[in-house]
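2 protein chains.
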Amino acid sequence: MSEYAVRNNDGNSVGIVEKRTFTFAEPPDTMALESGVKLGPINIAYETIGQLNADRSNVILITHALSGDSHVAGYYTEKDKKPGWWEIMVGPGKGIDTDRYFVVCANILGGCMGSTGPSSINPASGKAYGLDFPVVTIGDMVKAQKALLDHLGIKKLLAVVGGSIGGMQVLEWSLRYPEMVTAAIPLATTTRHSALAIAFNEVGRQAIMADPNWNRGNYYDGPRPNLGLAVARMIGHVTYLSDESMRQKFGRRLQDKRDFSFNFDADFQVESYLRHQGSKFVERFDANSFLYITKAADYFDLKNQHGAGSQVEAFAKAQAKFLVVSFTSDWLYPTYQSKAMVKAMKKNGLDVSFCEIKADCGHDAFLLPNARLASLIKGFLERVQLES
Amino acid sequence: MSEYAVRNNDGNSVGIVEKRTFTFAEPPDTMALESGVKLGPINIAYETIGQLNADRSNVILITHALSGDSHVAGYYTEKDKKPGWWEIMVGPGKGIDTDRYFVVCANILGGCMGSTGPSSINPASGKAYGLDFPVVTIGDMVKAQKALLDHLGIKKLLAVVGGSIGGMQVLEWSLRYPEMVTAAIPLATTTRHSALAIAFNEVGRQAIMADPNWNRGNYYDGPRPNLGLAVARMIGHVTYLSDESMRQKFGRRLQDKRDFSFNFDADFQVESYLRHQGSKFVERFDANSFLYITKAADYFDLKNQHGAGSQVEAFAKAQAKFLVVSFTSDWLYPTYQSKAMVKAMKKNGLDVSFCEIKADCGHDAFLLPNARLASLIKGFLERVQLES
Chain A
193 MSEYAVRNND
203 GNSVGIVEKR
213 TFTFAEPPDT
223 MALESGVKLG
233 PINIAYETIG
243 QLNADRSNVI
253 LITHALSGDS
263 HVAGYYTEKD
273 KKPGWWEIMV
283 GPGKGIDTDR
293 YFVVCANILG
303 GCMGSTGPSS
313 INPASGKAYG
323 LDFPVVTIGD
333 MVKAQKALLD
343 HLGIKKLLAV
353 VGGSIGGMQV
363 LEWSLRYPEM
373 VTAAIPLATT
383 TRHSALAIAF
393 NEVGRQAIMA
403 DPNWNRGNYY
413 DGPRPNLGLA
423 VARMIGHVTY
433 LSDESMRQKF
443 GRRLQDKRDF
453 SFNFDADFQV
463 ESYLRHQGSK
473 FVERFDANSF
483 LYITKAADYF
493 DLKNQHGAGS
503 QVEAFAKAQA
513 KFLVVSFTSD
523 WLYPTYQSKA
533 MVKAMKKNGL
543 DVSFCEIKAD
553 CGHDAFLLPN
563 ARLASLIKGF
573 LERVQLES
Chain B
193 MSEYAVRNND
203 GNSVGIVEKR
213 TFTFAEPPDT
223 MALESGVKLG
233 PINIAYETIG
243 QLNADRSNVI
253 LITHALSGDS
263 HVAGYYTEKD
273 KKPGWWEIMV
283 GPGKGIDTDR
293 YFVVCANILG
303 GCMGSTGPSS
313 INPASGKAYG
323 LDFPVVTIGD
333 MVKAQKALLD
343 HLGIKKLLAV
353 VGGSIGGMQV
363 LEWSLRYPEM
373 VTAAIPLATT
383 TRHSALAIAF
393 NEVGRQAIMA
403 DPNWNRGNYY
413 DGPRPNLGLA
423 VARMIGHVTY
433 LSDESMRQKF
443 GRRLQDKRDF
453 SFNFDADFQV
463 ESYLRHQGSK
473 FVERFDANSF
483 LYITKAADYF
493 DLKNQHGAGS
503 QVEAFAKAQA
513 KFLVVSFTSD
523 WLYPTYQSKA
533 MVKAMKKNGL
543 DVSFCEIKAD
553 CGHDAFLLPN
563 ARLASLIKGF
573 LERVQLES
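Just so you know, the sequences run in chain order A and B. For what it's worth, this note's numbering labels the leading residue of the first sequence as 193, then goes sequentially. For what it's worth, this note's numbering labels the leading residue of the second sequence as 193, then goes sequentially.
No lab work stands behind these hints, which were simulated from the structure alone. Keep in mind that a hint or two might mislead.
For identical chains, the list gives no copy identity; a pair is met inside one copy or between any two copies.
Unchecked claim - In silico EDC-like cross-links for lysine to aspartate or glutamate, where the CA-CA straight-line distance does not exceed 20 Å: (1) Lys472 - Asp552; (2) Lys319 - Glu218; (3) Lys338 - Glu371; (4) Lys570 - Glu371; (5) Lys531 - Glu436; (6) Lys495 - Asp451; (7) Lys274 - Glu210; (8) Lys338 - Asp221; (9) Lys348 - Asp448; (10) Lys539 - Glu574.
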């Protein structure tokens, strides 16, 4: 979703950042996954921004969504045209103020942006894992992030912040390592996918698996399933927007401003936008990672995995202060789902702030410039830091 | 969408019906399409139910949606297990009472259920048209229906009734041949696709065209683009349902009632439902017809095509009495779109009844048993017949 990031012209970017890699679970050690499978070695690509203070109390972990990566803000080189995916939120004086906080962001386990995933080399075969990569869960992703923080000597997080699948990781952090999480900010997310959300993911997966180049996940030495992955991405993009945002952004405007082509070229701007998003995505993303990450999101079920079927019981473990944010036009994770989690948090006497932000731009709203969201996060973090 | 039709056990089916074909626009004559292309010969598959009365004043034309056909009700043989796609609405004593009305239903131009479409033989080549078939519009479909009615000696319609893309044909009828249409019943439809609706159609088309078996539409002598068409159908099915209906129908229930597979099999019931719908559809539907019909729906723009940019001006031509029906959970053609057309009709002083029916089942609601819809249509038709 980094296509929405925009370069800051007011000189308040964090500037140059560096991607690093931490490797753990090296043989004979391994990391036990929720499936029971043991995986290792595991690489985690990560970036840090800002200064860790003396008592290590200013750490903010940012967790990314489906197509994100460790590059949350700043530029790798002076010549980079595009900053990290959350440049609008993370930087000096911004919602997540890098003058005050030490920000850590890591590519998720199962991803394809430097962390171990299906496109990584399987040490057992010397070739890419493909479908031999084990199915990982949101819990496994968080467990790998925990290993990274241990490595960095970080024992406590001031906050974990993330949207969408990143928000699932935030929730998982608050229950898996409750004593480590002072504050948690799940944005535009859910405690478990609805049938509708699973349905969209499944159609995307089927589109990938229908591409003969997918070859049961074994395509790293040959042509890639780009057409299937592009279709999957197009489906995703429709779900990230909203009826209203698409009306405003495209309406029925024609691509060539004249008349219908009377063929199957892209007549409408929305068609050419989707085709463009699809073809751009395949240049930077691995089709198998799309399968694994969407599966992890579909599997995530906080109520069953932490509360034996009760959302209230699940949050009984939590100790964090929460800021939950939903967006009015998000129909992938509608507000009613956020309200249900807030209710369960409150029943446990937790310190919860909730805000539904009016936004026409759908699920993607958390990635777009929004003064209200930035000031909400900023204020919440300041309060939490004061109180901690 | 005929999978929702259910056999009537109360003996009120129309029983055995017969599919017939009318052929027109035979060389050297042709039918001029909106694109300017001339097409012929044209076959139109159609079925009729009930008795045409002496003054031919009891004719109801039913127009079908994307995947429908001429087989609107009844059975072809005694052994048929499945009735026509609108069996719940059309029959003796039903919403569209075949004891009173003479019902005509024809497969649309561009379809694959007996009427001329991309899978038909191109007389110029002796092979299936494929992409040599011209892009047709909703207007062209209606023009072909008009030729059929001329052939049947029908000069006036008591009503035109249809949902979704069928509803677009209803609207087109009311403006293209206003003097012929006494009453028009557009259900769950729109005067023009939103960017969201175009987006879903475009993703479906891209899924088909991404299938190498599609072969630029030239697959009739070889393997068919079944995987691509199945993905397109799955996307469609998600749009026909709603968040709430999917929650009720599937929720997060697992397919094998036990635990996650930790692979890419269908874990959730909603996944296996979609896979089933996709693979069932490819047995009966032509991928190229999917492209042509969705394109016709995307092109439909009543305001521009009949009102020079004004919806109010477009309906100035209409003479029909209208019954417009929308469904609360239809997010493909939401109620606000129906309300806008009703407003434009009323500004022209037309006799308009509008009803938004509360239904959890999404866009598909018009195909599902609904006593309110049946009684609305029944009452409206009786009034129109009395007044005419």
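Hint by hint, here is what the structure shows:
Neither within a single protomer nor between protomers do lysine 472 and aspartate 552 lie at most 20 Å apart by alpha-carbon distance, with minima of 25 Å and 37 Å respectively. Taking the closest pair of Cα atoms, lysine 319 and glutamate 218 come within 20 Å of each other only inside a single copy of the chain (17 Å); across copies the shortest separation is 62 Å, beyond that limit. In the homo-oligomer, the alpha carbons of lysine 338 and glutamate 371 lie at most 20 Å apart inside one protomer (12 Å), although the nearest pairing across protomers, at 73 Å, exceeds that limit. Proximity of lysine 570 and glutamate 371 under a CA criterion of 20 Å is satisfied in neither setting, with 23 Å inside one chain copy and 65 Å between copies.
For a Cα distance limit of 20 Å, the shortest separation of lysine 531 from glutamate 436 across copies, 16 Å, qualifies, whereas the shortest one inside one copy, 22 Å, does not. Taking the shortest alpha-carbon separations for lysine 495 and aspartate 451, only the inter-copy value of 15 Å comes in at or below 20 Å, while the best intra-copy value is 52 Å. For the homomeric pair lysine 274 and glutamate 210, the shortest alpha-carbon distance inside one copy (14 Å) is at most 20 Å, but the shortest distance between copies (64 Å) is not. In this assembly of identical chains, lysine 338 and aspartate 221 lie within 20 Å of each other by CA distance solely inside one copy; the values are 16 Å within and 75 Å between copies.
In this assembly of identical chains, the alpha carbons of lysine 348 and aspartate 448 never lie at most 20 Å apart, being 55 Å within a copy and 40 Å across copies at closest. For the homomeric pair lysine 539 and glutamate 574, neither the shortest alpha-carbon distance inside one copy (25 Å) nor that between copies (56 Å) is at most 20 Å.
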